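Note that the protein sequences, when read in sequence, are chains A and B. Take 779 as the starting number for the first sequence in our numbering and just add one per residue. Take 2 as the starting number for the second sequence in our numbering and just add one per residue.
Worth double-checking, as some hints may not be accurate.
Claimed, not checked - Okay, derived cross-link-like pairs now, DSSO-like style, lysine-lysine, Cα gap no bigger than 30 angstroms in a straight line:
#1 B:LYS235 - B:LYS281
#2 B:LYS3 - A:LYS973
#3 B:LYS216 - B:LYS300
#4 B:LYS216 - B:LYS241
#5 B:LYS306 - A:LYS956
#6 B:LYS216 - A:LYS950
#7 A:LYS950 - B:LYS5
#8 B:LYS306 - A:LYS973
#9 A:LYS956 - B:LYS5
#10 B:LYS241 - A:LYS950
Claimed, not checked - So the derived label-pair ranges between C-beta atoms look like this:
#11 B:LYS300 - A:LEU984: 48 to 56 angstroms
#12 B:GLU255 - A:ASP974: 29 to 37 angstroms
#13 A:LEU984 - B:GLU4: 49 to 57 angstroms
#14 A:GLU960 - B:ALA43: 24 to 32 angstroms
#15 B:LYS235 - A:ALA859: 37 to 45 angstroms
#16 A:GLY893 - B:PRO184: 45 to 53 angstroms
Claimed, not checked - Pulled a few chain B residues facing chain A out of the computed Cβ check, cut under 8 angstroms:
#17 LYS9
#18 GLU227
#19 ILE267
#20 PRO345
I should point out that these hints are in silico values taken from the structure, not numbers from a laboratory. Model, not experiment: these values are computed from the prediction. Ideal Cβ positions, reconstructed from N, Cα and C, are used throughout, including at glycine.
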Amino acid sequence: MEKRITIITGHYGSGKTEFAINYVLEMKKKHAKAALIDLDIANPYFRSREKQAMLEREGVVVYSNIFGYDITADFPAITAALRAPLEDEGVHAVIDAGGDDSGARVLNQFRKYFGDGSAMFFVVNANRPETSTPDGAARHMISITDETGVDIGGIINNTHMLGETGIEDVLKGYDLCKDISERFGVPIIWNCCRKDLCEGLRREALASGRDLEIFPLTIFMRDSWMDNNILRRTRHGV
Amino acid sequence: MKEKVLMKGNEAFGETAIRCGCRFYFGYPITPQNELTEYMSANLKKAGGEFIQAESELAAVNMAYGAACSGGRVLISSSSPGIALMQEGLSFMCSVQVPLVVINVSRGGPGVGSIQPGQADYYQATRGGGNGDYHLIVYAPSSIQEASDTIVKAYDVAEKYRNPVMVLADGMLGQMMEPVSLPEMKEALAEEDIPKVKPWALVGHKDQRPHNVIKSLYLQTEQLEETINGYWGKYETAKKELPEYEAYNLDGAEVVMVAYGSTSRIVLEAIDLLAESGIKAGLIRPITLWPFPYNAFDKIGSSTKAVVSVELSKGQMLDDILIGSNGRWPAAVVSRTGGVLIYPQEVADRVKELLEGGKLNGKSV
């Protein structure tokens, strides 16, 4: 399923950015040139451009609608420069689109670059209320396809509960993705799993007869302070 | 434990309000709270409520004023500059004593500021951003779960005290995702039941009782003074009943940091970093910002050499810390502002610098 251009779409809050960053780093390991195109102009927080410095250290070129390392800009506009990695046949490009059909709309102007050399992935987190049922996930999948005119080429199960993620979350997501996979005839490409849980997931999948491809995930977008134990303090009323 | 879902703060705030029986939302888009307005536009009508995107924040707050007068549960929300525009309406609603829940997903300021997280609306929230003698009751949750629980409480407190309650959630809380267990759905009061619960509400007297009048205009100053004194009695009760805080690691702490909202979670990690350097640090996290939990400072022991306010503003909370400290410890501020987030290592480094450099005379570093 690996293509020169990979487009990452999905319901907002599904973890597209986390996956896109991990995926482009994998691309860089395998290919001379890799680029991340941050096309999220829908939301100003938690965008892949926040990790621009880290990605550049790893040799990934980052394109977005900003200048330098400024992350505060909230322009609903994109720079022409990001066509470069789409046109350069020597670059493996990963496009991190904004959430939902509205976030994917911006892909339309690049449609001429999409075809045999590209694949559009749909990221699903079954713990997000709107994609917690096969029907809900299917609705988002259809609306993104309708908006962009590009068929979804693969499903990425990224079902997690942040710091509270368990193996059962990934398996629940796999079962949901399998449903929409069969419904639309679109394959599940990977099941994302935090690295420390991968071994357990592999065992559990085997035991339950699920044949799933695991994509071990390093968490970049979540600062450690966000998941520290906030329950260890003592609460007082007066 | 009810099943958890993964939600963005802004979504969870909106869903919780709907589940509290809120059926009126009026708002105007502003980053970083847009998902809340969007959520209400998509979901409030399904619950039988009314969503209106007003032409401005001033219009939104006055629509809320009207809906609250008629006894409905109302939510308004905005971010810092938009909340500034709503101050007139909030002052009016305090003066006429109608309940309301208002969420400020605050960002950097002053003026148009930035769209990144900020806590520089502390004075505006706790000192009264509008004219006259009044207070908002202000809660500052530090997680999305706590914010959801707080919104449930905020509706009850607003109705008990007949006063607007603000939930002050910085941009980080509005934008971040967390697992959350939502409250059960609560139906809104039926119109015929409103007078039983809210006898002051304007629902029509139907020739069965005298008119209810809600007004802030008193032509005789003594009458106005009497009215104001009336609701200040209520504030005195609030000061006794409402203050809440969390304390962590105070026993034997060399330094106690005070922080609220997202910042308190950053401080918690800074405490671990300081421990690695052999410095024992504690945390007081005010949960209510007004009334402020001054009595929390009585829990600080004799080992503590200093109290440090860690905030995404230039020492606004320091005023309350100085009142609570009452001269018992030197106090200082560790601050980032303008939408710049502070990180655990920076907090730890600057607290160390304060302790070593003796810069503990109320100056910020």
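These are the hints, each one checked on the structure:
Our distance criterion of 30 angstroms between C-alpha atoms is broken by LYS235 (chain B) and LYS281 (chain B), whose separation comes to about 40 angstroms. For the suggested pair LYS3 (chain B) and LYS973 (chain A), the alpha carbons sit about 28 angstroms apart, so the restraint of at most 30 angstroms is met. With a C-alpha separation of about 43 angstroms, the suggested pair LYS216 (chain B) and LYS300 (chain B) falls outside the 30 angstroms cut-off, and the hint is violated. The hinted pair formed by LYS216 (chain B) and LYS241 (chain B) meets the criterion: a straight-line CA distance of about 28 angstroms does not exceed 30 angstroms.
Between LYS306 (chain B) and LYS956 (chain A) the CA atoms are separated by roughly 60 angstroms; this puts the pair beyond 30 angstroms, and the hint is violated. With a CA separation close to 56 angstroms, the supplied pair LYS216 (chain B) and LYS950 (chain A) exceeds the 30 angstroms bound. Our distance criterion of 30 angstroms between C-alpha atoms is met by LYS950 (chain A) and LYS5 (chain B), whose separation comes to about 14 angstroms. About 43 angstroms separates the Cα atoms of LYS306 (chain B) and LYS973 (chain A), which puts this hinted pair outside 30 angstroms; it is violated.
For the hint pairing LYS956 (chain A) with LYS5 (chain B), the CA-to-CA distance comes to about 22 angstroms; that is within 30 angstroms, so the pair holds. Between LYS241 (chain B) and LYS950 (chain A), the direct Cα distance comes to roughly 48 angstroms. Violation of the 30 angstroms bound is thereby established for this hinted pair. The given range of 48 to 56 angstroms is respected by LYS300 (chain B) and LEU984 (chain A), whose C-beta atoms sit roughly 52 angstroms from each other. Between GLU255 (chain B) and ASP974 (chain A) the Cβ separation comes to about 34 angstroms, which falls inside the hinted range of 29 to 37 angstroms.
Range check, LEU984 (chain A) to GLU4 (chain B): Cβ separation about 27 angstroms, and the 49 to 57 angstroms hint is violated. Checked against the hint of 24 to 32 angstroms, the pair GLU960 (chain A) and ALA43 (chain B) passes, with Cβ atoms roughly 29 angstroms apart. In this structure, LYS235 (chain B) and ALA859 (chain A) break the distance hint of 37 to 45 angstroms, their C-beta atoms being roughly 59 angstroms apart. A hinted range of 45 to 53 angstroms for the beta carbons of GLY893 (chain A) and PRO184 (chain B) is consistent with their spacing of about 49 angstroms.
For LYS9 (chain B), the shortest C-beta to C-beta distance to chain A is roughly 5 angstroms, which falls under 8 angstroms, so the interface hint holds. At its closest, the beta carbon of GLU227 (chain B) sits 29 angstroms from a beta carbon of chain A; the interface hint therefore is violated under the 8 angstroms criterion. Taken as an interface hint, ILE267 (chain B) checks out: its beta carbon lies about 5 angstroms from the nearest beta carbon of chain A, inside 8 angstroms. The beta carbon of PRO345 (chain B) is positioned within 8 angstroms of a beta carbon in chain A (closest approach about 6 angstroms), and the interface hint is therefore held.
In this structure, the hints that do not hold are numbers 1, 3, 5, 6, 8, 10, 13, 15, 18, in rising order.
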